[in-house]
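Number of protein chains: 2
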Amino acid sequence: MKNIIFTFKDGSPKYKQIYEQFKLFIEQGDIRTDEQLPTIRQLAESLQVSRNTTLMAYDQLVAEGYIRGEGRKGYFVNELEPALFQQGTAPRNEQQTESTTPVLVNFRADAIDQAHFPLKAWRRIANRILTLQESFQYGDPFGEVCLREQLAAYLFQSRGVKANAEAIIIGSSTQQMLIHLGHILKEDFPSVIVEDPGYDGAREAFQFHRLHFETLPVYETGADFSQLGQMQSRLAYVTPSHQSPIGVSMSIQQRQMLVHWANEIQGYIIEDDYDSEFRYTQRPFPALASIDAQRVIYLGNFSKCFLPGIRLSYMVLPQPLLNRYKDRFRHFESTASLLNQLTMAKFMEEGEWSRHIKRMRLIYRRKMQHLAAGLKNEFKENISIIGEQSGLYLLVKVHMEHSEEWLIKQASSYGVKVCPTSLYVVNNYSVRPIIKLGFSSLSHEEIQLGVQLLKKAWS
Amino acid sequence: MKNIIFTFKDGSPKYKQIYEQFKLFIEQGDIRTDEQLPTIRQLAESLQVSRNTTLMAYDQLVAEGYIRGEGRKGYFVNELEPALFQQGTAPRNEQQTESTTPVLVNFRADAIDQAHFPLKAWRRIANRILTLQESFQYGDPFGEVCLREQLAAYLFQSRGVKANAEAIIIGSSTQQMLIHLGHILKEDFPSVIVEDPGYDGAREAFQFHRLHFETLPVYETGADFSQLGQMQSRLAYVTPSHQSPIGVSMSIQQRQMLVHWANEIQGYIIEDDYDSEFRYTQRPFPALASIDAQRVIYLGNFSKCFLPGIRLSYMVLPQPLLNRYKDRFRHFESTASLLNQLTMAKFMEEGEWSRHIKRMRLIYRRKMQHLAAGLKNEFKENISIIGEQSGLYLLVKVHMEHSEEWLIKQASSYGVKVCPTSLYVVNNYSVRPIIKLGFSSLSHEEIQLGVQLLKKAWS
Chain W
856 MKNIIFTFKD
866 GSPKYKQIYE
876 QFKLFIEQGD
886 IRTDEQLPTI
896 RQLAESLQVS
906 RNTTLMAYDQ
916 LVAEGYIRGE
926 GRKGYFVNEL
936 EPALFQQGTA
946 PRNEQQTEST
956 TPVLVNFRAD
966 AIDQAHFPLK
976 AWRRIANRIL
986 TLQESFQYGD
996 PFGEVCLREQ
1006 LAAYLFQSRG
1016 VKANAEAIII
1026 GSSTQQMLIH
1036 LGHILKEDFP
1046 SVIVEDPGYD
1056 GAREAFQFHR
1066 LHFETLPVYE
1076 TGADFSQLGQ
1086 MQSRLAYVTP
1096 SHQSPIGVSM
1106 SIQQRQMLVH
1116 WANEIQGYII
1126 EDDYDSEFRY
1136 TQRPFPALAS
1146 IDAQRVIYLG
1156 NFSKCFLPGI
1166 RLSYMVLPQP
1176 LLNRYKDRFR
1186 HFESTASLLN
1196 QLTMAKFMEE
1206 GEWSRHIKRM
1216 RLIYRRKMQH
1226 LAAGLKNEFK
1236 ENISIIGEQS
1246 GLYLLVKVHM
1256 EHSEEWLIKQ
1266 ASSYGVKVCP
1276 TSLYVVNNYS
1286 VRPIIKLGFS
1296 SLSHEEIQLG
1306 VQLLKKAWS
Chain Y
856 MKNIIFTFKD
866 GSPKYKQIYE
876 QFKLFIEQGD
886 IRTDEQLPTI
896 RQLAESLQVS
906 RNTTLMAYDQ
916 LVAEGYIRGE
926 GRKGYFVNEL
936 EPALFQQGTA
946 PRNEQQTEST
956 TPVLVNFRAD
966 AIDQAHFPLK
976 AWRRIANRIL
986 TLQESFQYGD
996 PFGEVCLREQ
1006 LAAYLFQSRG
1016 VKANAEAIII
1026 GSSTQQMLIH
1036 LGHILKEDFP
1046 SVIVEDPGYD
1056 GAREAFQFHR
1066 LHFETLPVYE
1076 TGADFSQLGQ
1086 MQSRLAYVTP
1096 SHQSPIGVSM
1106 SIQQRQMLVH
1116 WANEIQGYII
1126 EDDYDSEFRY
1136 TQRPFPALAS
1146 IDAQRVIYLG
1156 NFSKCFLPGI
1166 RLSYMVLPQP
1176 LLNRYKDRFR
1186 HFESTASLLN
1196 QLTMAKFMEE
1206 GEWSRHIKRM
1216 RLIYRRKMQH
1226 LAAGLKNEFK
1236 ENISIIGEQS
1246 GLYLLVKVHM
1256 EHSEEWLIKQ
1266 ASSYGVKVCP
1276 TSLYVVNNYS
1286 VRPIIKLGFS
1296 SLSHEEIQLG
1306 VQLLKKAWS
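From first to last, the protein sequence lines stand for chains W and Y.
All residue numbers for the first sequence refer to my numbering, where the first residue is 856 and numbers rise by one.
All residue numbers for the second sequence refer to my numbering, where the first residue is 856 and numbers rise by one.
For reference, chain W alone in the conformation it holds in the complex (with noise of 0.2 angstroms):
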């Protein structure tokens, strides 16, 4: 590409001076699809300002979609109709702008990180997917027994869960499962005991099917079960490895106990284990499900684990109710991808996924103790931070004066976007707000400039 030449003008920021010259560039062609852009440091040199100046710049480019980062490689012009610059009038967009201020750090918990997927191993599986045969027909409506066995072996040796391949359903997400769940739960069990605060997707599994709440109160300690003898449900949701959101994760003694309720009422326990891979401080913890099959619906899922957009999930069922899972849904395809089962299941027996679980487990484990490590020197006894010895977020205690809305807003002027936890709770309000922010798809410099944002919005 040929030389940048800017010449600043005085009155609007720099990056953002950068950001429409690259826009306007792209827009006109004078930079191509595809073709590579300076790096971050390069630029910066060239234009005399700082990296967090350029990678703003960039950042803002990305999220609008001009071009788009492929980690070590460096940043890459995306494809546009320059027809489209003219007219305004192409379909409508359903999204709204809602804020003016860019997202420059965007603390989300629902993505994951770009720069260290596996691309070249999937590629190749996914490739030769293409070409066998069976990716032709139907798949079974339970899912592929190629990826059961694969899964019934990583349960058996890393979450200690004995399955037999053919006591695991497939399916696309947890919240279908968990819909598909209680159609063969609701006549037997018209409430469910929740955790509180306690993953939101999963109230609105239950709700569909209008089940009654209980809650469990958790909190930074732990939960707590002191209410559990006196509570009317016979099945319980909860995420014992990772609480979601408060981030404990249950003693053995909580375990035994919730097992021990659950064989007494002959009720039942739903464990999502959505993420119990990405433990820091030691190994995993084995799942409930090892201690008692019998008792425990286990659900896992690959979104945080792998890819969201993969969108396949999986349960280990106790026998009476696979037999009844069975009866209600053979008649019904599978709304799991065929293609991304085979790829999955040939991913595992190649050894990729547990590569690829190793390697992102070190990867978010630093970007989680730079983000901790940065909250800490910034904000010192202004915060406490709640979760980070495990997951891809952490939450943070804010003790000053504000609430959840303001630091929300306020981080948001600031181009940084945060996530609430009000949403999570049934009844049990913190007294101090909390604040979760999500790591996992942002990179150590986006991490330190969010912090440096969050500290001048906050103060």
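Just so you know, not all the hints are guaranteed correct.
Which copy is meant is left open, so a pair is good if it fits within one copy or across any two.
Computed cross-link-like contacts, DSSO-like style, restricted to lysine-lysine with a CA-CA straight-line distance of at most 27 angstroms [claimed, not checked]: (1) K975 - K928; (2) K1041 - K1181; (3) K1272 - K1222; (4) K1181 - K1272; (5) K1252 - K1264; (6) K1252 - K1310; (7) K871 - K1017; (8) K878 - K928; (9) K864 - K1017; (10) K1272 - K1311; (11) K1235 - K1264; (12) K1017 - K878; (13) K1213 - K871; (14) K1272 - K1310.
Bear in mind the hints are in silico, worked out from the structure with no lab data behind them.
The hints should help you fit chain Y onto chain W, whose structure is shown.
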């Protein structure tokens, strides 16, 4: 406590082996509650490992709650219920072996042509999609906007349906869409009119919601609408462009009559347009939804026209139902693979989709002609062929004194797999048995061999 003796195995970290051994001791009651464990130093010396190794093992046990550290006093075992730990059995393998005669030719209707799949274009686009940032996030609950926009353009151009991208919902299969529809329709529509014979998978979805059935008889000459005015239902499920399984198409008069009926009673028609692109004698008929978008729920999918394993389907909803649908399902993640959605959107945008459809129409037409000619040649007036003008299968009505069961068994003993049609029937049985022959996945040679074997089998 008794002496701890270890034999370390290869292949697993030593700290993990220590952790597992202690866990077992505790679970089996070999080390009792409140018993003191060796110190980190003692254990390290007696096992000849580093103190770091024993520390890591103890840390893990502490984190999971098996033991506790009491400062300088050392480590002690926590209370636990030994009864709960059972030994499991190793994962078992499923799979049954059924028939002894190997299948030489499978006239299956649930597979597609593999030889002419646009492997190169699809791979190219799928590989590119994996580099986009948006592929590493969760998608829109109702499907990606880019794919909905492509579908809107396609539906207008090819099926005459004027749909806003916003009114299109993307899912993973027709059955899944019907089950979702059932959730928003069942209260107002306790019964549904279905074609007889008709697609069993749709009946299963309605039965799932305990809807009652009224039947619309379908013959080789078309559907019989004479009883429509007397029916109680205000909801009808039909396949107007290519009736499943009979293969007839509704005339414009029948289509208008149906739309008129729905308007009169303020009901809805569910139009399943599953394979309408493959019409060989004329151009594909415009969809029923092109006549009246207010009373028709349009369903389409990519299983027949592209690849069943991609698990992508879509529907166009009239406004009142759209509102109800979005209200009911807005909290739930999409079940359709984001990767497949984005790839398909690009595939359509680049014109690959319309090229694919044109190419496959030609290829399937040749196969259909080959199969029909072969059958006529071998069987003469002993059979009649139904539905050779469209679709990926044809029906053979056998004018001989044989049952459907006998025809299938006999074919099987000659290595030919053919499909029954009785499972599509509610009441409207044909006097003569009708056999379904799918040809999409077979080569011309396989089709010829299959016909010859059938001739031997049925003579």
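So, going through the hints one by one against the coordinates:
no.	hint	in the structure
1	K975 - K928	both (14 angstroms within a copy, 25 angstroms between copies)
2	K1041 - K1181	both (16 angstroms within a copy, 23 angstroms between copies)
3	K1272 - K1222	within (17 angstroms within a copy, 56 angstroms between copies)
4	K1181 - K1272	between (43 angstroms within a copy, 26 angstroms between copies)
5	K1252 - K1264	within (16 angstroms within a copy, 70 angstroms between copies)
6	K1252 - K1310	within (14 angstroms within a copy, 78 angstroms between copies)
7	K871 - K1017	between (56 angstroms within a copy, 19 angstroms between copies)
8	K878 - K928	within (21 angstroms within a copy, 46 angstroms between copies)
9	K864 - K1017	between (66 angstroms within a copy, 22 angstroms between copies)
10	K1272 - K1311	within (14 angstroms within a copy, 71 angstroms between copies)
11	K1235 - K1264	within (22 angstroms within a copy, 78 angstroms between copies)
12	K1017 - K878	between (55 angstroms within a copy, 17 angstroms between copies)
13	K1213 - K871	between (39 angstroms within a copy, 15 angstroms between copies)
14	K1272 - K1310	within (13 angstroms within a copy, 70 angstroms between copies)
Consistency with the previously given hints is maintained throughout, with no hint failing.
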